[in-house]
Amino acid sequence: MTTTVGTFCSFCGGEAASGDHEHCRARLSLIDPPRYCPECGRRMVVQVDPMGWTARCSRHGETTNAAQR
Amino acid sequence: MTTASTETATGTTGEGDILAVAREQVLERGEGLSEAQVLEVLRLPAERLTEALALAHDVRMRWCGPDIEVEGIVSLKTGGCPEDCHFCSQSGLFDSPVRAAWLDKDRLVEAAKQTAKTGATEFCIVAAVRGPDEKLMEQIRVGVAAIRAEVDINVACSLGMLTQDQVDRLAAMGVHRYNHNLETARSHFPEVVTTHTWEERWETLQMVRAAGMEVCCGGIVGMGETLEQRAEFAVQLAELEPDEVPMNFLIPNPGTPFAHLEVPQGPDALMTIAAFRLAMPKTVLRFAGGRELTLGDLGAEQGMLGGINAIIVGNYLTNLGRPAEQDLEMLDTLKMPIKALNDTL
Chain A
1 MTTTVGTFCS FCGGEAASGD HEHCRARLSL IDPPRYCPEC GRRMVVQVDP
51 MGWTARCSRH GETTNAAQR
Chain B
1 MTTASTETAT GTTGEGDILA VAREQVLERG EGLSEAQVLE VLRLPAERLT
51 EALALAHDVR MRWCGPDIEV EGIVSLKTGG CPEDCHFCSQ SGLFDSPVRA
101 AWLDKDRLVE AAKQTAKTGA TEFCIVAAVR GPDEKLMEQI RVGVAAIRAE
151 VDINVACSLG MLTQDQVDRL AAMGVHRYNH NLETARSHFP EVVTTHTWEE
201 RWETLQMVRA AGMEVCCGGI VGMGETLEQR AEFAVQLAEL EPDEVPMNFL
251 IPNPGTPFAH LEVPQGPDAL MTIAAFRLAM PKTVLRFAGG RELTLGDLGA
301 EQGMLGGINA IIVGNYLTNL GRPAEQDLEM LDTLKMPIKA LNDTL
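Protein chains in written order, with UniProt numbering: chain A, 1 to 69; chain B, 1 to 345.
No wet-lab data here; the hints were simulated from the structure.
Glycine included, C-beta positions come from ideal geometry on N, C-alpha and C.
Treat the hints with care, since some could be wrong.
What the hints assert, rightly or not - Heads up, simulated SDA-like pairs for lysine to any residue below, C-alpha to C-alpha not over 20 Å straight-line:
| no. | chain 1 | residue 1 | chain 2 | residue 2 |
| --- | --- | --- | --- | --- |
| 1 | B | 282 | B | 224 |
| 2 | B | 113 | A | 45 |
| 3 | B | 282 | B | 337 |
| 4 | B | 105 | A | 19 |
| 5 | B | 282 | B | 338 |
| 6 | B | 105 | B | 163 |
| 7 | B | 105 | A | 8 |
| 8 | B | 105 | B | 141 |
| 9 | B | 113 | B | 152 |
| 10 | B | 135 | B | 113 |
| 11 | B | 117 | A | 52 |
| 12 | B | 113 | A | 54 |
| 13 | B | 117 | B | 305 |
| 14 | B | 135 | B | 152 |
| 15 | B | 113 | A | 56 |
| 16 | B | 105 | A | 54 |
| 17 | B | 335 | B | 63 |
| 18 | B | 105 | A | 6 |
| 19 | B | 105 | A | 52 |
| 20 | B | 135 | B | 151 |
| 21 | B | 117 | A | 65 |
| 22 | B | 105 | A | 45 |
To be verified - From the structure, some residues in chain A lie toward chain B, with a derived Cβ separation under 7 Å:
| no. | residue |
| --- | --- |
| 23 | 42 |
| 24 | 45 |
| 25 | 48 |
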C-alpha cells in the first residue's frame, strides 16, 4: 500500500490538507505507486518493477517499497 | 449492428439458446463462436453469467488443459512515448504524472530473477515507444542475452511496431514471444489512437509470426466500445490466431483522454471473458492489467474459473498489481497447477 502521508497528496499532487482525496487514497491503496513527492509536491521519477517500486524526488531523494514485497 | 429479431431476454435466438449452441460448437468441436454469436453471449442477462463462465471454464479445460501460465512484465523504458494511445499514461503528448525513466541492465536481470522465483515461465520486457531505435535494440540485445545466461525463463518483448529487420534480429536474439496489442476493434481504433493505424499493428504481428516468434496480442475492455465492437474485436483476434491474448480492463489514468471513463463493471468484464474464451477456445487467455479495480479478489477467482488460463503476477508497467504471493495462493486454493517451463518449449 502506498501512503499519502505528508503535505502533498502522492496521487494527485494537491495539498493533502485541502480538497477531497478519498479517490486518491483508494487508488494508492490498490494500484498506484506515488507519483508526487509528499513533502514538496514535485513529480517524481517512478520505476515500477514486478515486485515493487522506486520513486525519486529531485529534492527529497528516493523511496521504495521493493524490500517489502 | 447485429440484427437479432428472434432474440429473447434470456439469450435464445433462432439458432436456439446461445450457450447450448456454444456447448456443441465450441466445447465439443473446438470451433470458436462467430461475431454474431459472441454478441449474443455479451448480451446475455446477468442471471446467466454463472452458466456462461462455467461453460467457458469447461472449454478452457477441454482445449487448453488445466495448467495456468504465469508471466511477469517490466517496463524497460517508461514514459515519453510519441504516440497518443488515449488510455496510456506513458504518452508524452498528455499531461500525465508519469515521468520518463529507464531501467538498467542489472535491475532488468534482477526483475527477471524475481519473476522466475514465482514459477513464471515468461518474462516480458516492455518499452513505451512507437518502435525501437538502435539504442533500444542494443539494450534489448544486451538485456536478453544477460537474462538468458542467468535466468531459466522465456523472454518476451513488447517494443511497438517493428521493421522486418528488427523482427529478424529479435528472433535471432532468442525472443520467445512478441506482444503487440491491437487494443480494440478495428472500427473503434481511430477513437483510441490517431498517431498510427490498426493495420500498422496488424502488419507487425504478421511479421512476428512469420519469423517464428509466438504472437501475443490482446487489448483493453472498457474504452467506450459498444458490445458490437467488443464482439468484432474478439473475432478479429481469433482471425489473427495469436498464441496468447492478454485481457486488460481500462484503468482511467489521470491526464489521459480516457481519465473520465468509468472503470468497467465486474459482471460486464466477466461476461466478456467468457465470450472471448468461447471465441478462442484454444488460445492462452491471460488476466492482465485492471483486474484489481474491475474485479477485485472474488472476481479474479471467478475469471480463473471462467475461461482464463494465464496470469500476470506482480506489478504491471506503471500500475501495481496484487502481490505475487496472493495470486499464487489463489491458484493453489483453486487447485490450478502452474505450467512448467519445459512445457512451453
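Verification of the hints:
Taken as a hint, the residue 282 of chain B and residue 224 of chain B pair is broken in the structure, with Cα atoms around 28 Å apart against an allowance of 20 Å. Distance restraint check for residue 113 of chain B and residue 45 of chain A: the Cα-Cα separation of roughly 23 Å exceeds the 20 Å cut-off, and the hinted pair is therefore not satisfied. A C-alpha spacing of about 18 Å is found between residue 282 of chain B and residue 337 of chain B, which places the hinted pair at or below 20 Å, so the restraint holds. With a C-alpha separation of about 41 Å, the suggested pair residue 105 of chain B and residue 19 of chain A falls outside the 20 Å cut-off, and the hint is violated.
Of the pairs offered as hints, the one joining residue 282 of chain B and residue 338 of chain B holds, with about 17 Å between alpha carbons and a cut-off of 20 Å not exceeded. About 24 Å separates the Cα atoms of residue 105 of chain B and residue 163 of chain B, which puts this hinted pair outside 20 Å; it is violated. A distance of roughly 33 Å separates the Cα atoms of residue 105 of chain B and residue 8 of chain A; the hinted pair therefore is violated under the 20 Å criterion. A C-alpha spacing of about 11 Å is found between residue 105 of chain B and residue 141 of chain B, which places the hinted pair at or below 20 Å, so the restraint holds.
This hinted pair checks out: residue 113 of chain B and residue 152 of chain B have alpha carbons roughly 8 Å apart, not beyond 20 Å. For the hint pairing residue 135 of chain B with residue 113 of chain B, the CA-to-CA distance comes to about 24 Å; that exceeds 20 Å, so the pair is violated. A C-alpha spacing of about 15 Å is found between residue 117 of chain B and residue 52 of chain A, which places the hinted pair at or below 20 Å, so the restraint holds. At most 20 Å may separate the alpha-carbon atoms for a hinted pair to count; residue 113 of chain B and residue 54 of chain A meet this at roughly 18 Å.
Under the criterion of a C-alpha separation no larger than 20 Å, the hint pairing residue 117 of chain B with residue 305 of chain B is inconsistent with the structure, at around 25 Å. For the given pair, residue 135 of chain B sits about 26 Å from residue 152 of chain B by alpha-carbon distance, which is inconsistent with the 20 Å threshold. Between the alpha carbons of residue 113 of chain B and residue 56 of chain A the distance comes to roughly 24 Å, so the proposed pair goes past 20 Å and is violated. Proposed proximity of residue 105 of chain B and residue 54 of chain A is supported: the alpha carbons are some 16 Å apart, at most 20 Å.
Of the pairs offered as hints, the one joining residue 335 of chain B and residue 63 of chain B holds, with about 18 Å between alpha carbons and a cut-off of 20 Å not exceeded. Between the alpha carbons of residue 105 of chain B and residue 6 of chain A the distance comes to roughly 33 Å, so the proposed pair goes past 20 Å and is violated. Note on residue 105 of chain B and residue 52 of chain A: the hinted pairing holds, with a Cα-Cα distance of about 17 Å set against a maximum of 20 Å. Between residue 135 of chain B and residue 151 of chain B the alpha-carbon distance is near 24 Å, which puts this suggested pair outside the 20 Å criterion.
Of the supplied pair hints, the one linking residue 117 of chain B and residue 65 of chain A holds, its CA atoms being roughly 18 Å apart against a limit of 20 Å. For the given pair, residue 105 of chain B sits about 18 Å from residue 45 of chain A by alpha-carbon distance, which is consistent with the 20 Å threshold. For residue 42 of chain A, the suggested interface contact is broken, since its CB lies about 10 Å from the closest CB of chain B, more than 7 Å. Of the supplied interface hints, the one on residue 45 of chain A holds, with its beta-carbon coming within about 5 Å of a beta-carbon of chain B, less than 7 Å.
Restraint check, residue 48 of chain A versus chain B: the minimum CB separation of about 5 Å is within 7 Å; hint holds.
Hint compliance for this structure: hints 1, 2, 4, 6, 7, 10, 13, 14, 15, 18, 20, 23 are broken, all remaining hints hold.
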